[in-house]
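Engineer: Sequence:
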Amino acid sequence: MGCPALLSARRVEWRHNGGVTDGWRVLSLDHRDPVAPLEEIVHLIDLAGLSTAVPYGRADVVEALNERQPAVVAISSEGGGRTLIGAAVARAAGRDAHLLALALHPDWRNRGVGSGILRELDQQVIHAGAYRLLALVSPDQVAELAFANQGFVRTDGLRLYTRDASMVPEELAVVEKYGGHFPLAGLWDAMKGFSATKQLLERRIVAPLLHPDLASRSGLREPNTVMLFGPPGTGKTTFVRAIASRLSWAFVELHPSLLGQGAIGAAALRQALLELQGIDHLVCFIDEADEIASDRAQRPDNQPIVNELLKALPAFRNRPGRLMVMATNSIAAIDPAMLRPGRFDLIIPVGAPDRAGRGELAAEFLPVCESDTVAQSTEGFTPADFALAAQRAAQSAFDRALNGGAAEVTSADCLSAVEATRPSVSPETMAIYESEADTYSRL
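Residues in the sequence shown are numbered from 1 upward in steps of one, following our numbering.
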(Lines of atoms letter the chains of each structure in order from A and count residues from 1; the text may use other names and numbers.)
(Lines give C-alpha, C1' and ligand atoms only; values in the text may rest on other atoms or scores of the structure.)
Protein backbone atom coordinates (compact mmCIF):
# COMPACT_ATOMS: atom_id res chain seq x y z
CA MET A 1 0.00 0.00 0.00
CA GLY A 2 1.32 3.43 -0.91
CA CYS A 3 1.35 6.58 1.14
CA PRO A 4 -2.03 7.94 2.23
CA ALA A 5 -3.26 11.02 0.43
CA LEU A 6 -4.70 13.99 2.29
CA LEU A 7 -7.88 15.17 0.62
CA SER A 8 -8.69 18.62 1.92
CA ALA A 9 -7.81 22.28 1.39
CA ARG A 10 -11.25 23.43 0.32
CA ARG A 11 -13.73 25.59 2.15
CA VAL A 12 -16.92 23.71 2.94
CA GLU A 13 -19.82 24.88 0.80
CA TRP A 14 -23.54 24.62 1.48
CA ARG A 15 -25.06 22.18 -0.99
CA HIS A 16 -28.43 20.49 -1.15
CA ASN A 17 -28.49 16.81 -1.94
CA GLY A 18 -31.32 17.17 -4.40
CA GLY A 19 -33.76 14.68 -2.93
CA VAL A 20 -34.20 11.09 -4.06
CA THR A 21 -31.85 9.96 -6.85
CA ASP A 22 -31.74 6.57 -8.56
CA GLY A 23 -33.74 4.92 -5.80
CA TRP A 24 -31.76 6.26 -2.85
CA ARG A 25 -31.61 9.33 -0.66
CA VAL A 26 -29.26 10.84 1.90
CA LEU A 27 -30.34 11.82 5.41
CA SER A 28 -28.65 13.47 8.33
CA LEU A 29 -28.38 11.10 11.24
CA ASP A 30 -29.99 13.84 13.34
CA HIS A 31 -33.27 12.76 11.76
CA ARG A 32 -33.06 9.63 13.92
CA ASP A 33 -34.35 7.58 11.03
CA PRO A 34 -35.24 4.15 12.48
CA VAL A 35 -33.68 2.33 9.53
CA ALA A 36 -30.19 3.42 10.56
CA PRO A 37 -29.43 2.66 14.21
CA LEU A 38 -25.84 2.82 15.41
CA GLU A 39 -25.37 -0.95 15.26
CA GLU A 40 -26.42 -1.07 11.60
CA ILE A 41 -24.05 1.74 10.65
CA VAL A 42 -21.15 -0.03 12.32
CA HIS A 43 -22.12 -3.28 10.59
CA LEU A 44 -22.06 -1.52 7.22
CA ILE A 45 -18.61 -0.11 7.94
CA ASP A 46 -17.39 -3.63 8.77
CA LEU A 47 -19.01 -5.01 5.62
CA ALA A 48 -17.55 -2.32 3.40
CA GLY A 49 -13.99 -3.35 4.18
CA LEU A 50 -11.35 -0.69 3.49
CA SER A 51 -13.75 2.22 3.81
CA THR A 52 -12.71 3.56 7.19
CA ALA A 53 -10.53 6.64 6.81
CA VAL A 54 -6.89 6.32 7.84
CA PRO A 55 -5.92 6.19 10.74
CA TYR A 56 -9.26 5.87 12.51
CA GLY A 57 -10.89 2.64 13.58
CA ARG A 58 -14.18 1.16 14.64
CA ALA A 59 -13.92 2.47 18.21
CA ASP A 60 -13.43 6.05 16.95
CA VAL A 61 -16.58 5.78 14.82
CA VAL A 62 -18.69 4.36 17.66
CA GLU A 63 -17.51 7.08 20.02
CA ALA A 64 -18.30 9.83 17.50
CA LEU A 65 -21.78 8.43 16.86
CA ASN A 66 -22.51 8.28 20.58
CA GLU A 67 -21.39 11.91 20.88
CA ARG A 68 -23.66 12.96 17.95
CA GLN A 69 -20.77 14.18 15.84
CA PRO A 70 -21.59 14.99 12.17
CA ALA A 71 -22.91 11.86 10.45
CA VAL A 72 -25.11 11.07 7.44
CA VAL A 73 -26.59 7.90 5.95
CA ALA A 74 -27.75 6.84 2.49
CA ILE A 75 -31.00 4.85 2.32
CA SER A 76 -32.23 2.76 -0.61
CA SER A 77 -35.94 2.41 -1.35
CA GLU A 78 -35.56 -0.18 -4.09
CA GLY A 79 -38.06 -3.02 -3.87
CA GLY A 80 -40.28 -0.98 -1.58
CA GLY A 81 -38.02 -1.48 1.44
CA ARG A 82 -35.58 0.77 3.28
CA THR A 83 -31.98 -0.43 3.26
CA LEU A 84 -28.86 1.27 4.60
CA ILE A 85 -26.41 1.50 1.68
CA GLY A 86 -23.92 4.15 2.81
CA ALA A 87 -22.75 6.18 5.78
CA ALA A 88 -20.21 8.82 6.68
CA VAL A 89 -19.04 9.89 10.12
CA ALA A 90 -16.83 12.88 10.96
CA ARG A 91 -15.49 14.56 14.07
CA ALA A 92 -15.46 18.35 14.34
CA ALA A 93 -12.34 19.81 15.94
CA GLY A 94 -12.32 23.59 15.93
CA ARG A 95 -12.34 24.97 12.40
CA ASP A 96 -11.67 21.53 10.90
CA ALA A 97 -13.71 18.36 10.70
CA HIS A 98 -11.97 15.00 10.21
CA LEU A 99 -13.61 12.20 8.28
CA LEU A 100 -13.61 9.04 10.37
CA ALA A 101 -15.39 6.71 7.96
CA LEU A 102 -17.06 6.69 4.55
CA ALA A 103 -18.73 3.33 3.93
CA LEU A 104 -20.63 2.18 0.84
CA HIS A 105 -22.46 -1.12 0.42
CA PRO A 106 -20.60 -3.18 -2.21
CA ASP A 107 -23.72 -3.36 -4.40
CA TRP A 108 -24.04 0.43 -4.53
CA ARG A 109 -20.58 1.58 -5.50
CA ASN A 110 -19.98 3.74 -8.57
CA ARG A 111 -23.58 4.98 -8.55
CA GLY A 112 -23.03 8.44 -7.07
CA VAL A 113 -23.89 7.46 -3.50
CA GLY A 114 -20.49 8.52 -2.17
CA SER A 115 -20.79 11.97 -3.74
CA GLY A 116 -24.26 12.41 -2.31
CA ILE A 117 -23.08 11.45 1.16
CA LEU A 118 -20.20 13.93 1.02
CA ARG A 119 -22.53 16.73 -0.13
CA GLU A 120 -24.78 16.21 2.89
CA LEU A 121 -21.80 15.83 5.22
CA ASP A 122 -20.70 19.30 4.06
CA GLN A 123 -23.79 20.77 5.64
CA GLN A 124 -23.40 18.83 8.85
CA VAL A 125 -19.83 19.94 9.49
CA ILE A 126 -20.82 23.56 8.81
CA HIS A 127 -23.50 23.26 11.48
CA ALA A 128 -20.75 21.94 13.77
CA GLY A 129 -18.75 25.14 13.20
CA ALA A 130 -16.09 23.72 10.87
CA TYR A 131 -14.70 25.45 7.80
CA ARG A 132 -12.86 22.53 6.27
CA LEU A 133 -13.34 18.78 5.91
CA LEU A 134 -10.18 16.64 6.01
CA ALA A 135 -9.99 13.05 4.78
CA LEU A 136 -6.86 10.91 4.95
CA VAL A 137 -7.33 7.85 2.73
CA SER A 138 -5.24 5.08 1.20
CA PRO A 139 -4.66 4.89 -2.59
CA ASP A 140 -7.53 3.23 -4.48
CA GLN A 141 -9.70 3.25 -1.37
CA VAL A 142 -13.44 2.73 -1.75
CA ALA A 143 -15.22 5.93 -2.89
CA GLU A 144 -11.96 7.78 -3.61
CA LEU A 145 -13.56 9.06 -6.86
CA ALA A 146 -16.29 10.70 -4.79
CA PHE A 147 -13.72 12.99 -3.16
CA ALA A 148 -12.54 14.20 -6.57
CA ASN A 149 -16.12 14.70 -7.73
CA GLN A 150 -16.86 16.85 -4.69
CA GLY A 151 -13.94 19.23 -5.17
CA PHE A 152 -11.47 17.88 -2.64
CA VAL A 153 -7.84 18.75 -3.35
CA ARG A 154 -5.45 15.82 -3.14
CA THR A 155 -2.04 16.27 -1.49
CA ASP A 156 0.35 13.44 -2.35
CA GLY A 157 3.63 12.45 -0.75
CA LEU A 158 2.46 12.54 2.86
CA ARG A 159 3.40 9.74 5.22
CA LEU A 160 1.24 8.68 8.12
CA TYR A 161 3.00 8.01 11.43
CA THR A 162 0.99 6.40 14.20
CA ARG A 163 1.79 5.15 17.66
CA ASP A 164 -0.48 3.71 20.28
CA ALA A 165 -0.58 5.55 23.58
CA SER A 166 1.81 4.11 26.15
CA MET A 167 -1.10 3.17 28.41
CA VAL A 168 -4.74 3.93 29.07
CA PRO A 169 -5.60 6.75 31.51
CA GLU A 170 -6.56 4.31 34.26
CA GLU A 171 -3.13 2.68 34.07
CA LEU A 172 -1.37 6.05 34.09
CA ALA A 173 -3.30 6.98 37.25
CA VAL A 174 -1.92 3.88 39.00
CA VAL A 175 1.63 4.64 37.83
CA GLU A 176 1.41 8.21 39.11
CA LYS A 177 -0.15 7.05 42.38
CA TYR A 178 3.12 5.28 43.16
CA GLY A 179 5.31 8.15 41.98
CA GLY A 180 6.07 6.59 38.62
CA HIS A 181 6.89 8.29 35.35
CA PHE A 182 8.18 7.70 31.85
CA PRO A 183 11.97 8.26 31.90
CA LEU A 184 13.36 10.66 29.32
CA ALA A 185 14.53 9.20 26.05
CA GLY A 186 18.26 8.75 25.62
CA LEU A 187 19.16 7.60 29.14
CA TRP A 188 20.53 4.33 27.81
CA ASP A 189 22.94 6.01 25.40
CA ALA A 190 23.98 8.44 28.15
CA MET A 191 25.28 5.62 30.37
CA LYS A 192 29.07 5.93 30.28
CA GLY A 193 31.82 3.75 31.68
CA PHE A 194 29.90 0.46 31.78
CA SER A 195 30.24 -0.85 28.24
CA ALA A 196 30.55 -4.51 29.26
CA THR A 197 27.56 -4.32 31.61
CA LYS A 198 25.50 -2.44 29.02
CA GLN A 199 26.21 -5.12 26.44
CA LEU A 200 25.15 -7.83 28.88
CA LEU A 201 21.93 -6.05 29.88
CA GLU A 202 21.14 -5.23 26.25
CA ARG A 203 21.55 -8.86 25.19
CA ARG A 204 19.83 -10.54 28.13
CA ILE A 205 17.10 -8.05 29.11
CA VAL A 206 16.44 -5.29 26.60
CA ALA A 207 16.63 -7.16 23.30
CA PRO A 208 14.25 -10.02 24.27
CA LEU A 209 11.70 -7.51 25.61
CA LEU A 210 11.97 -5.34 22.49
CA HIS A 211 11.64 -8.35 20.16
CA PRO A 212 9.35 -10.84 21.96
CA ASP A 213 8.21 -12.58 18.77
CA LEU A 214 11.79 -13.25 17.69
CA ALA A 215 12.66 -14.47 21.19
CA SER A 216 9.66 -16.81 21.10
CA ARG A 217 10.68 -18.26 17.73
CA SER A 218 14.12 -18.95 19.18
CA GLY A 219 12.63 -20.57 22.27
CA LEU A 220 14.00 -17.81 24.50
CA ARG A 221 11.86 -16.84 27.47
CA GLU A 222 11.56 -13.10 28.03
CA PRO A 223 13.05 -12.03 31.38
CA ASN A 224 10.41 -10.65 33.73
CA THR A 225 12.22 -10.72 37.08
CA VAL A 226 15.83 -9.59 37.52
CA MET A 227 18.10 -9.09 40.53
CA LEU A 228 21.05 -6.71 40.21
CA PHE A 229 23.79 -6.72 42.83
CA GLY A 230 27.06 -4.95 43.35
CA PRO A 231 28.89 -2.30 45.38
CA PRO A 232 27.25 1.08 46.05
CA GLY A 233 27.64 3.70 43.36
CA THR A 234 27.99 1.30 40.45
CA GLY A 235 24.90 2.56 38.64
CA LYS A 236 22.31 -0.11 39.42
CA THR A 237 19.42 2.34 39.85
CA THR A 238 20.54 4.38 36.85
CA PHE A 239 20.69 1.23 34.75
CA VAL A 240 17.10 0.30 35.64
CA ARG A 241 15.84 3.76 34.69
CA ALA A 242 17.83 3.54 31.47
CA ILE A 243 16.27 0.16 30.68
CA ALA A 244 12.79 1.69 31.09
CA SER A 245 13.86 4.57 28.85
CA ARG A 246 15.23 2.15 26.24
CA LEU A 247 11.98 0.18 26.25
CA SER A 248 9.77 3.32 26.42
CA TRP A 249 8.03 1.74 29.43
CA ALA A 250 6.79 3.36 32.61
CA PHE A 251 9.10 3.26 35.62
CA VAL A 252 7.88 2.88 39.21
CA GLU A 253 10.19 2.60 42.20
CA LEU A 254 8.80 1.12 45.41
CA HIS A 255 10.89 2.49 48.29
CA PRO A 256 11.35 0.00 51.16
CA SER A 257 11.41 2.87 53.65
CA LEU A 258 7.88 3.87 52.62
CA LEU A 259 6.45 0.36 52.74
CA GLY A 260 7.07 -0.14 56.44
CA GLN A 261 7.98 -3.31 58.29
CA GLY A 262 6.22 -6.48 59.39
CA ALA A 263 2.55 -7.01 58.63
CA ILE A 264 2.00 -3.33 57.77
CA GLY A 265 4.80 -3.38 55.21
CA ALA A 266 3.55 -6.67 53.77
CA ALA A 267 0.03 -5.26 53.33
CA ALA A 268 1.38 -2.12 51.63
CA LEU A 269 3.55 -4.21 49.32
CA ARG A 270 0.67 -6.56 48.49
CA GLN A 271 -1.61 -3.67 47.54
CA ALA A 272 1.05 -1.94 45.42
CA LEU A 273 2.04 -5.06 43.50
CA LEU A 274 -1.59 -6.07 42.99
CA GLU A 275 -2.29 -2.76 41.28
CA LEU A 276 0.98 -2.62 39.36
CA GLN A 277 0.66 -6.17 38.03
CA GLY A 278 -2.21 -4.94 35.88
CA ILE A 279 -0.07 -2.35 34.06
CA ASP A 280 1.27 -3.25 30.65
CA HIS A 281 4.79 -2.13 29.74
CA LEU A 282 6.01 -1.36 33.23
CA VAL A 283 9.38 -1.57 34.97
CA CYS A 284 8.81 -1.99 38.72
CA PHE A 285 11.98 -1.35 40.71
CA ILE A 286 12.77 -2.13 44.35
CA ASP A 287 16.15 -0.84 45.51
CA GLU A 288 17.90 -1.84 48.72
CA ALA A 289 16.28 -5.24 48.46
CA ASP A 290 18.24 -6.45 51.47
CA GLU A 291 16.12 -4.10 53.61
CA ILE A 292 12.90 -6.01 52.89
CA ALA A 293 14.09 -9.36 51.56
CA SER A 294 16.91 -10.21 53.96
CA ASP A 295 17.40 -13.71 55.33
CA ARG A 296 14.41 -14.50 57.57
CA ALA A 297 16.65 -16.56 59.82
CA GLN A 298 18.59 -13.41 60.63
CA ARG A 299 15.65 -10.97 60.60
CA PRO A 300 12.39 -12.73 61.54
CA ASP A 301 10.51 -9.40 61.43
CA ASN A 302 10.94 -9.43 57.64
CA GLN A 303 9.10 -12.71 57.20
CA PRO A 304 5.70 -11.20 56.17
CA ILE A 305 7.28 -9.02 53.46
CA VAL A 306 9.50 -11.82 52.17
CA ASN A 307 6.45 -14.05 51.92
CA GLU A 308 4.62 -11.41 49.88
CA LEU A 309 7.58 -11.06 47.52
CA LEU A 310 7.79 -14.81 47.06
CA LYS A 311 4.13 -14.80 45.97
CA ALA A 312 4.51 -11.72 43.75
CA LEU A 313 7.53 -12.83 41.74
CA PRO A 314 5.74 -15.69 39.91
CA ALA A 315 2.89 -13.31 39.03
CA PHE A 316 5.36 -10.99 37.30
CA ARG A 317 7.16 -13.87 35.65
CA ASN A 318 3.95 -15.24 34.13
CA ARG A 319 2.76 -12.01 32.50
CA PRO A 320 4.55 -10.53 29.47
CA GLY A 321 5.12 -6.82 29.02
CA ARG A 322 6.31 -6.06 32.53
CA LEU A 323 9.62 -6.28 34.35
CA MET A 324 10.40 -6.38 38.06
CA VAL A 325 13.96 -5.47 39.02
CA MET A 326 15.35 -5.64 42.53
CA ALA A 327 18.80 -4.33 43.46
CA THR A 328 21.03 -4.82 46.45
CA ASN A 329 24.52 -3.98 47.62
CA SER A 330 24.69 -7.25 49.55
CA ILE A 331 23.38 -10.26 47.66
CA ALA A 332 24.59 -12.57 50.43
CA ALA A 333 22.07 -10.95 52.82
CA ILE A 334 19.06 -11.83 50.64
CA ASP A 335 16.83 -14.66 51.86
CA PRO A 336 17.95 -17.87 50.10
CA ALA A 337 14.39 -18.66 49.04
CA MET A 338 14.36 -15.47 46.95
CA LEU A 339 17.37 -16.61 44.94
CA ARG A 340 16.24 -20.10 44.03
CA PRO A 341 15.57 -20.86 40.34
CA GLY A 342 12.01 -19.96 39.38
CA ARG A 343 12.00 -16.69 41.30
CA PHE A 344 14.44 -14.50 39.37
CA ASP A 345 15.09 -15.13 35.70
CA LEU A 346 18.45 -13.39 35.94
CA ILE A 347 20.82 -12.46 38.76
CA ILE A 348 23.34 -10.01 37.32
CA PRO A 349 26.45 -8.53 38.95
CA VAL A 350 27.12 -4.82 38.38
CA GLY A 351 30.63 -3.86 39.40
CA ALA A 352 32.78 -0.76 39.18
CA PRO A 353 33.87 0.32 35.69
CA ASP A 354 36.67 -1.75 34.20
CA ARG A 355 39.77 -0.16 32.68
CA ALA A 356 38.06 0.51 29.34
CA GLY A 357 35.11 2.06 31.14
CA ARG A 358 37.36 4.22 33.26
CA GLY A 359 39.05 5.46 30.11
CA GLU A 360 35.66 6.41 28.73
CA LEU A 361 34.77 8.28 31.92
CA ALA A 362 38.15 10.02 31.99
CA ALA A 363 37.61 11.25 28.43
CA GLU A 364 34.24 12.70 29.46
CA PHE A 365 35.07 14.24 32.86
CA LEU A 366 38.79 14.98 32.53
CA PRO A 367 39.28 15.63 28.80
CA VAL A 368 42.57 17.52 29.19
CA CYS A 369 44.27 14.36 30.49
CA GLU A 370 45.43 11.31 28.59
CA SER A 371 42.53 8.92 29.27
CA ASP A 372 44.61 5.74 29.40
CA THR A 373 46.90 7.27 32.00
CA VAL A 374 43.92 8.22 34.18
CA ALA A 375 42.34 4.79 33.70
CA GLN A 376 45.43 3.09 35.12
CA SER A 377 45.27 5.04 38.39
CA THR A 378 41.51 5.03 39.03
CA GLU A 379 40.67 1.40 39.81
CA GLY A 380 37.53 1.29 41.95
CA PHE A 381 36.33 4.68 40.71
CA THR A 382 32.63 5.10 39.94
CA PRO A 383 31.12 7.79 37.70
CA ALA A 384 30.47 9.85 40.84
CA ASP A 385 34.16 9.66 41.71
CA PHE A 386 35.13 10.98 38.29
CA ALA A 387 32.60 13.81 38.65
CA LEU A 388 34.08 14.67 42.06
CA ALA A 389 37.61 14.70 40.64
CA ALA A 390 36.48 16.98 37.81
CA GLN A 391 35.03 19.44 40.32
CA ARG A 392 38.21 19.37 42.39
CA ALA A 393 40.25 20.11 39.29
CA ALA A 394 37.92 22.98 38.42
CA GLN A 395 38.21 24.35 41.96
CA SER A 396 42.00 24.39 41.65
CA ALA A 397 41.77 26.34 38.39
CA PHE A 398 39.25 28.75 39.92
CA ASP A 399 41.45 29.40 42.97
CA ARG A 400 44.36 30.08 40.66
CA ALA A 401 42.31 32.52 38.59
CA LEU A 402 41.31 34.44 41.72
CA ASN A 403 45.00 35.11 42.29
CA GLY A 404 45.51 36.33 38.73
CA GLY A 405 46.56 33.03 37.17
CA ALA A 406 45.11 31.05 34.25
CA ALA A 407 41.51 29.90 34.66
CA GLU A 408 41.80 26.90 32.37
CA VAL A 409 41.91 23.44 33.94
CA THR A 410 45.26 21.76 33.30
CA SER A 411 46.37 18.16 33.16
CA ALA A 412 48.22 18.71 36.43
CA ASP A 413 44.97 19.93 38.07
CA CYS A 414 43.22 16.76 36.96
CA LEU A 415 45.94 14.37 38.05
CA SER A 416 46.16 16.04 41.45
CA ALA A 417 42.39 15.82 41.82
CA VAL A 418 42.40 12.12 40.91
CA GLU A 419 45.13 11.45 43.46
CA ALA A 420 43.11 13.25 46.15
CA THR A 421 39.92 11.27 45.42
CA ARG A 422 39.29 8.04 47.26
CA PRO A 423 37.67 5.32 45.13
CA SER A 424 34.16 4.36 46.19
CA VAL A 425 34.89 0.68 45.64
CA SER A 426 37.84 -0.33 47.80
CA PRO A 427 40.01 -3.37 47.02
CA GLU A 428 38.37 -5.20 49.93
CA THR A 429 34.87 -4.43 48.63
CA MET A 430 35.91 -5.47 45.14
CA ALA A 431 37.21 -8.81 46.43
CA ILE A 432 33.90 -9.52 48.20
CA TYR A 433 31.96 -8.53 45.07
CA GLU A 434 34.00 -10.80 42.80
CA SER A 435 33.46 -13.72 45.18
CA GLU A 436 29.68 -13.06 45.26
CA ALA A 437 29.60 -12.76 41.47
CA ASP A 438 31.10 -16.25 41.19
CA THR A 439 28.60 -17.64 43.71
CA TYR A 440 25.30 -15.96 42.87
CA SER A 441 25.32 -14.86 39.22
CA ARG A 442 22.64 -16.34 36.97
CA LEU A 443 23.09 -14.98 33.43
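What the hints contain is simulated information worked out from the structure, not anything from laboratory work.
Built from N, CA and C at the ideal position, the CB exists for glycine as well.
Honestly, I wouldn't trust all of these hints.
[To be verified] Taking lysine to any residue pairs in the SDA-like style, the calculated list, with each CA pair at most 25 Å apart, reads:
| hint | residue 1 | residue 2 |
| --- | --- | --- |
| 1 | LYS177 | GLN376 |
| 2 | LYS177 | GLY80 |
| 3 | LYS177 | LEU187 |
| 4 | LYS311 | ALA267 |
| 5 | LYS192 | LEU273 |
| 6 | LYS198 | LEU443 |
| 7 | LYS177 | HIS105 |
| 8 | LYS177 | LEU273 |
| 9 | LYS192 | PRO208 |
| 10 | LYS198 | LEU247 |
| 11 | LYS198 | LYS311 |
| 12 | LYS192 | GLN376 |
[Stated by the list, open to error] Taking CB as the label site, the calculated pair distances span:
| hint | residue 1 | residue 2 | range |
| --- | --- | --- | --- |
| 13 | GLN395 | SER166 | 40 to 48 Å |
| 14 | PRO169 | GLY112 | 25 to 33 Å |
| 15 | THR237 | PRO341 | 24 to 32 Å |
| 16 | SER248 | ARG159 | 47 to 55 Å |
| 17 | GLU176 | ASN66 | 24 to 32 Å |
| 18 | ASN66 | PRO336 | 55 to 63 Å |
Engineer: Given the hint that LYS177 pairs with LEU187, test it: the Cα-Cα distance must not exceed 25 Å.
Structural biologist: holds, 23 Å
Engineer: Are the Cα positions of LYS198 and LEU443 separated by 25 Å at most?
Structural biologist: With Cα atoms ~14 Å apart, LYS198 and LEU443 stay inside 25 Å; holds.
Engineer: With respect to the beta-carbon atoms only, verify the hint that GLU176 and ASN66 lie 24 to 32 Å apart.
Structural biologist: holds, 28 Å
Engineer: Okay, ASN66 versus PRO336 on CB: inside 55 to 63 Å?
Structural biologist: holds, 56 Å
Engineer: Taken at face value, is the distance from the CA of GLY80 to the CA of LYS177 at most 25 Å?
Structural biologist: Violated, at roughly 60 Å.
Engineer: For the pair supplied as a hint, LYS192 and PRO208, confirm whether the alpha-carbon distance does not exceed 25 Å.
Structural biologist: Holds, at about 23 Å.
Engineer: Decide if the proposed pair is consistent with the structure: LYS311 and ALA267, CA atoms, cutoff 25 Å inclusive.
Structural biologist: holds, 13 Å
Engineer: Given the hint that LYS177 pairs with LEU273, test it: the Cα-Cα distance must not exceed 25 Å.
Structural biologist: Roughly 12 Å between the alpha carbons, so the hint for LYS177 and LEU273 holds.
Engineer: Hint says 24 to 32 Å; check whether the CB-CB distance for THR237 and PRO341 agrees.
Structural biologist: Given about 26 Å between the Cβ atoms, the range holds.
Engineer: If you draw a straight line from the CA of LYS177 to the CA of GLN376, is it 25 Å or shorter?
Structural biologist: violated, 46 Å
Engineer: Has the given pair, LYS198 with LYS311, been kept, meaning a C-alpha gap of at most 25 Å?
Structural biologist: With a Cα-Cα distance of about 30 Å, the restraint between LYS198 and LYS311 is violated, given a limit of 25 Å.
Engineer: Could you check the hint for me, namely that GLN395 and SER166 are 40 to 48 Å apart, CB to CB?
Structural biologist: holds, 43 Å
The structure fails hints 1, 2, 5, 7, 11, 14, 16 (numbered hints given earlier, in ascending order).
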